[in-house]
Amino acid sequence: MPTRLLIAEDEPSILESLVFILAREGYDIATARDGEDALDRLRDPKGPPGLLILDVMLPRLDGFEVLRRVRDDPALKRVPVLMLTAKGQARDRQMAEQMGADAFIAKPFSNQDVVRQARRLAAP
Amino acid sequence: MTPQAVEFALVAALAYVALLFGVAYLGDQRARRGSFAWLRSSLVYTLSISVYCTSWTFYGAVGSAARGGLEFATIYLGPTLVFVGWWLFLRKLVRIGRTQRITSIADLISSRFGKSEALGALVTIIAVAAATPYIALQLKAVTTSYQVIAGLPLDNLDVRVGFWVAVGMAAFTILFGTRNVDANERHHGVVAAIALEALVKLVALLAVGGFVVFGLWDNPAALFAAVPPDFLASDEVFGPRWITLIVLSAAAIVCLPRQFQVIVVENENERHLATASWLFPTYLLLSCVFILPVAISGMTLMPEGADPDMFVLTIPLAAEADWLALLVFLGGFSSATSMIIVSSIALSTMVSNHIVAPLALRLSRRRTRTSGDVRRLLLTSRRAAIGTILLFGFLYFQGSAQSDALAAIGLIAFVGVAQFLPSVIGGLYWPLANKRGALWGLCGGFLTWMYTLAVPSLGEASPLGAAVLRDGPWGLTALRPQALLGLDGWDPLVHATFWSLLVNVLLLVLGSLSREPKPLEWLQATRFVDVFRGGADAGERPQFQRPATSEDLFILAQRILGAEPARDLFDAFARRQGIAKGLPRPTEDLVGDLERRLAGSVGAASARAMVSQIAGREVISIDELVSIADETARIMRTSQALERKSAELEVTARRLREANDQLRELDRQKDDFLSQVSHEVRTPMTAIRSFAEILRYTETLDSDQARRFVAIIHDECIRLTRLLDDILDLRVVEQGEIPVSMDTIDPDAVLDRTLDACEGLSGEVPVRTVRRARATGARVRADPDRLRQVFINLLSNAVRHNDKAVVTITVDSRDRDGVYEATITDNGPGVPDDARERIFSLFSASWTRAAGKGAGLGLAISRGIMHRMGGELTLEPADGDGDGARFRVTLPMEVSARQTRAEMPGLPV
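Top line first, the protein sequences correspond to chains A and B. First residue of the first sequence? That's 1 in UniProt numbering, and the numbers climb one at a time after it. First residue of the second sequence? That's 1 in UniProt numbering, and the numbers climb one at a time after it.
None of these hints come from the bench; they were simulated from the model. These figures come from a predicted structure and were not determined experimentally. For glycine and all other residues, C-beta sits at the position ideal for the given N, C-alpha and C. Some hints here could point you the wrong way.
Part of the chain B face toward chain A, derived, beta carbon under 8 Å [claimed, not checked]:
| id | residue |
| --- | --- |
| 1 | HIS679 |
| 2 | ARG682 |
| 3 | THR686 |
| 4 | ALA687 |
| 5 | ARG689 |
| 6 | SER690 |
| 7 | GLU693 |
| 8 | ILE694 |
| 9 | ILE712 |
| 10 | HIS714 |
| 11 | GLU716 |
| 12 | CYS717 |
With the rest of the complex left out, here is chain A (with noise of 0.2 Å):
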């Protein structure tokens, strides 16, 4: 059973190319474009992603309060968070150490760099 997968973004062109070369990889991949569609998707009756790729830049709840939810949620927070952003500042990056994210990737990414990690976090 391929691992699942929830990846929040909401740009559209970027999901399609996230979605496109991480399901050739193997992955059940779930989006959201959101962050409350992210926690949403995240308390899934059949239980928590085995990955979750974060944008910080999303609407309504942006990445790191979600990031803090997860955290928080005694069932969501052994999930696995890789996070995305365009502002590849040292200062967001800094934050979404502390805050426990377990990757970082700034955009614009290679497609390799989403792959290895998404692996090294959670095998499909």
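Please build the complex by placing chain B on the supplied structure of chain A, with the hints as guidance.
Just chain B, lined up with the frame of chain A:
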């Protein structure tokens, strides 16, 4: 002399007195008007000094010569020495008298020794004590001479003559001697009268001498051939008594109050002194040139037992030269009256200034200090003093009418006033001489004089009693008044002079050395001793003075000087200070000068006391206060300037802080903007890179997928281009240089075309547009492409910043008072209040996180465009419904050409 002649003599004497009154009156009048300049000549000055030659010298010199040979000459020698050596002493004395406005010998000593009231009073008392017998002597001379000329026997003097003379002189002196209180307004009338009397004296003596030598004897040789054998055989010449007499007469020419009055106080001009230095000795020489002939004549021609003191008068009478006798009588009368007049003026000044004024001041301290007319008090006290002194003189005369020779009384007075000499000389030449020394010396000298000479001279009538004179008090022979410490066998005059001056000088030195001079004493000492080295101005810094008001000083000046002179003085001061009207400022100069002026009226000590009452006795002088005030004002000005500067600096600092804050804010906004731009650039680039990698590395990609991915890359590239365009536009907006090509257009047409285009775009969220009313037919000057850009920006914002399932955009437009106005309203969350202005700023981030799509530059650019076209872009206040943002675009409407011409006929189209 016949009875008619006697009556005539009396009439002549009265007429002479009347003449004196007239001369004095005229002198006063003319001097006041400034005419009769000769009144101020050195001749008149010199003649007035001859007041030295009293009836004692007039009559007594011949008597002295008859009795003691050449001894009479000593009385002339002493003054002659002083005047010939005027350069040494008199010049300094006169200079000090003028610069310090000295009013009397008492004032001189008081002023020199720290303006001491006690010294002034002491000197006054000594002077009065010494002058009383002297005045009595004059009254006696007049009475005797009258009885001689009237042919009455001399063994019973009729004191009534003396009384009336005293009354007449009192009247004269009061009338002409107390017109004003200021020593610097000199007694011109009196001086004129004195000068006249001096001439009468001299003419009388010369006439008698000429008559004797050339009338009674054929020639001088015949006269001297008849000299009695023992005459001039005295070995006294240049013996102790001679020396003593020369010293005493030298002292008297300075220390006698009347001499001090005419030489120092009445001095108009120091140069007069130079003239007097030879003219006065000449006068003395002329006065005494015929004394020996007259004495010899008297001794040889007059009957045995004739009073040699009256030879001058009796010889012409015996020769039946009645006119000459009358002239001599008038000469003697002149000698006596001039002495009485000047003495009583000098003494009354001293009494009023050094006894009455200090007492009055002391009393008035208890009352308010501005009450009472001190001037009137001073004048009244002077008049009373004149009367009292003359009364004393008369009483003394009455009491001692039958006593010793005239000359003896004169010498007693000489020794008395000689007690001033140590203090005067010490004061003028010895800076260390101080008040204590002067007090001790004067007291010691005065008491010694009283004890050894004045009291014993009363003979049996003396309060000491004959026993004390003979055996000393309590039988102590060492203390015998006329043989102190066993100095027996000395001439009483020499004895008294020796002891009194010795005690005086010793005590002066001891007292002065026993303590340091006080500051004021030191200051005065410097002024006196160094008067020729500018000492009068050195250390011009009185020890007192707190702020005195000009009013107080003026009132004081009025009280002393009188209203008119006080006003003149203060006006002069005000002019000097450059004040046109009103009182001068109470500077140290004013106070110092006023004190000197007052000193001229009431003496230095009283003047100081009066000024001190007003100006206080503090160490700080007014000048210092003024300079302190100046300093304070300067500091205040400086501090105000500093405050201003500081305030300016504060403002500058605040502006800098504000500017800095602004810069920081701008910097932060720039960071935000860069971050935003970075994000905006990274997003399409992420997609492009990702799909490009997919296309490159995926071999199993079908062509549909490939085409789709390429299309996405293309779209994202366009997006990037648009972003770059925006950033470029932003630069232009930032610099206010948006290129526009203006045209007359219908804005509604642009709006509708834009809406059409938007509706054609299919987004993820359905967009519904509601078109409301239109401002039909509006014409505006605008760039249609730029206007369209603004509308697109607003419409896309309405879609992007929206969280509703269906985006509803409501659009309408209207003509509001010549202004085209379009509103675009969405149904989104609206703009938070705190972001209402920020959304238009260049670097503003989007106002919601959800607005992540776009750099947030649109509104800033759109507003810049609207401004460029003369319009406006605003965010309408949120209405009550809560949701939705409402933007308003306004543009001024084009006025039609026809309207313009109608309204402004001259305007070219």
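Here's how the hints hold up against the structure:
1. Annotation: interface hint on B:HIS679 holds; nearest CB of chain A at approximately 4 Å, less than 8 Å.
2. Below 8 Å, beta-carbon pairs count as interface contacts, and B:ARG682 has one with chain A at about 4 Å; its hint therefore holds.
3. The criterion of a C-beta within 8 Å of any C-beta in chain A is met by B:THR686, whose closest approach is roughly 4 Å, and the hint holds.
4. Because the smallest distance between the Cβ of B:ALA687 and any Cβ of chain A comes to about 4 Å, under 8 Å, the interface hint for this residue holds.
5. Taking 8 Å as the C-beta contact cut-off toward chain A, the hint placing B:ARG689 at the interface holds, the least distance being around 4 Å.
6. A cut of 8 Å between beta carbons decides the hint on B:SER690: the least distance to chain A is about 4 Å, and the hint holds.
7. For B:GLU693, the interface hint holds, since its Cβ comes within 8 Å of a Cβ in chain A; the closest pair sits about 5 Å apart.
8. A hinted interface residue such as B:ILE694 counts as satisfied when its beta carbon comes closer than 8 Å to some beta carbon of chain A; here the least separation is about 6 Å, so the hint holds.
9. For B:ILE712, the interface hint holds, the least distance from its beta-carbon to any beta-carbon of chain A being 5 Å, beneath 8 Å.
10. With its C-beta approaching chain A no nearer than about 11 Å, B:HIS714 sits outside the 8 Å limit, and its interface hint is violated.
11. Checking B:GLU716 against chain A by beta carbon gives a least distance of about 6 Å; that is within 8 Å, so the hint holds.
12. For B:CYS717, the shortest C-beta to C-beta distance to chain A is roughly 11 Å, which exceeds 8 Å, and the interface hint is violated.
The structure is inconsistent with the numbered hints 10, 12, although it conforms to all the rest.
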